[in-house]
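Take a look at the letters that make up each chain.
Protein chains: 2
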Amino acid sequence: MQISSRFTLAVHIFACIDTFKDDYKVTSDFLAGSTNVNPVIIRKILGQLKAAGLVEVARGSGGASIAKPLDEISFLDIYHAVECVEKGELFHFHENPSADCPVGRNIHGVLDDKLIRVQKAMEDELSSITMEDVIQDTRRLI
Amino acid sequence: MQISSRFTLAVHIFACIDTFKDDYKVTSDFLAGSTNVNPVIIRKILGQLKAAGLVEVARGSGGASIAKPLDEISFLDIYHAVECVEKGELFHFHENPSADCPVGRNIHGVLDDKLIRVQKAMEDELSSITMEDVIQDTRRLI
DNA sequence: TTTGTTGTAATATTCTTTGTTACAACTAGA
DNA sequence: TCTAGTTGTAACAAAGAATATTACAACAAA
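Top line first, the protein sequences correspond to chains A and B. Numbering-wise (the numbering used here), the first sequence opens with residue 316 and increments by one. Numbering-wise (the numbering used here), the second sequence opens with residue 316 and increments by one.
Be careful, since some hints might not be right.
No copy is singled out in the list; a pair is fine if it fits within one copy or between any two copies.
Said to hold, decoys possible - Capping the alpha-carbon separation at 27 Å, the derived lysine-lysine pairs in DSS-like fashion look like this:
#, residue 1, residue 2
1, Lys-365, Lys-429
2, Lys-429, Lys-383
3, Lys-435, Lys-336
4, Lys-383, Lys-340
5, Lys-359, Lys-340
6, Lys-435, Lys-340
7, Lys-383, Lys-336
8, Lys-340, Lys-365
9, Lys-365, Lys-383
10, Lys-336, Lys-365
11, Lys-359, Lys-429
Everything labelled a hint here was simulated from the structure, so no lab data went into it.
Please take these sequences and the hints and turn them into a complete structure.
What follows is the structure, given as structure tokens:
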């Protein structure tokens, strides 16, 4: 399985808010148009980003804005905010290895630290990329 | 979403084959018992590992064996063999960003290389761990 | 008060994973 | 050759997750 598109959606949302902040009120409908994703999904993601302190959303009057300097918003912040992976565990372990088998009994003890190493390598790379990088590349391309 | 349990299952399968190779015929039923997973699922994974040249499976008489030295079987080999992630793309990109929006039009151009960097960091770490490591730790614990 | 928006619930749809049943093809050994 | 046990695979079921959709109350600004 792949990591939920909520992640790329969230990055897209940030890019839109920053790009259009001076010219448009960036609402969930506006973002739904740019991403081609249902506005309710957008609102849910905005809610998660808001809960993580990454954006502010104007209830009633409408519109979203970015709550922090772009270089302080890393991909890892976004990834955690939108909960792409349950309980923070990248690998789905088979649930009930047999306790009667020497291998089944010890497979968690053997594997867990290795899986965490892999996950950490990925998260370290995520934390090295920020929305500042994305916005600079976006401006260059537009 | 998490990475399919086929990955941890495959590692478990290798550990079982190596541990029990001298004392038992390691069949899909045997492995189903150790992992607590349906034997048909086990056979499907064994089929994928066989297609990747990592194991041999005796049709008819039954039983699986490991096809290569343990230190030449990396987690990345296994991960690719069992196709945990479709098309090798770790991140699921939202499908149809709007071509009418400057951001939607360019989001792939901006994001793709960054996502590949993250994926590569993970795969590099996967390739640094081998079944030899797993077997040594398993023997220590048993 | 009107208008447009957010937050959220409820439900539907689609997709993927995993489980299950069934059985033909196969191999070794009696 | 026959038997017993196994693999490979198809077909289908069940469960779970992601995403879409509809609906509407709460809200804020003009």
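Status of each hint after checking the structure:
1. Lys-365 with Lys-429: So Lys-365 and Lys-429 pass the 27 Å test across copies only (24 Å; inside, 33 Å).
2. Lys-429 with Lys-383: Cα proximity of Lys-429 and Lys-383: across copies only (21 Å, versus 34 Å in one copy).
3. Lys-435 with Lys-336: neither (34 Å within a copy, 34 Å between copies)
4. Lys-383 with Lys-340: within (18 Å within a copy, 60 Å between copies)
5. Lys-359 with Lys-340: within (18 Å within a copy, 52 Å between copies)
6. Lys-435 with Lys-340: neither (38 Å within a copy, 37 Å between copies)
7. Lys-383 with Lys-336: Answer is within; shortest intra-copy Cα gap is 14 Å, inter-copy 57 Å.
8. Lys-340 with Lys-365: Within one copy, since 17 Å is at most 27 Å while 56 Å is not.
9. Lys-365 with Lys-383: within (11 Å within a copy, 50 Å between copies)
10. Lys-336 with Lys-365: within (17 Å within a copy, 54 Å between copies)
11. Lys-359 with Lys-429: between (33 Å within a copy, 25 Å between copies)
The structure is inconsistent with the numbered hints 3 and 6, although it conforms to all the rest.
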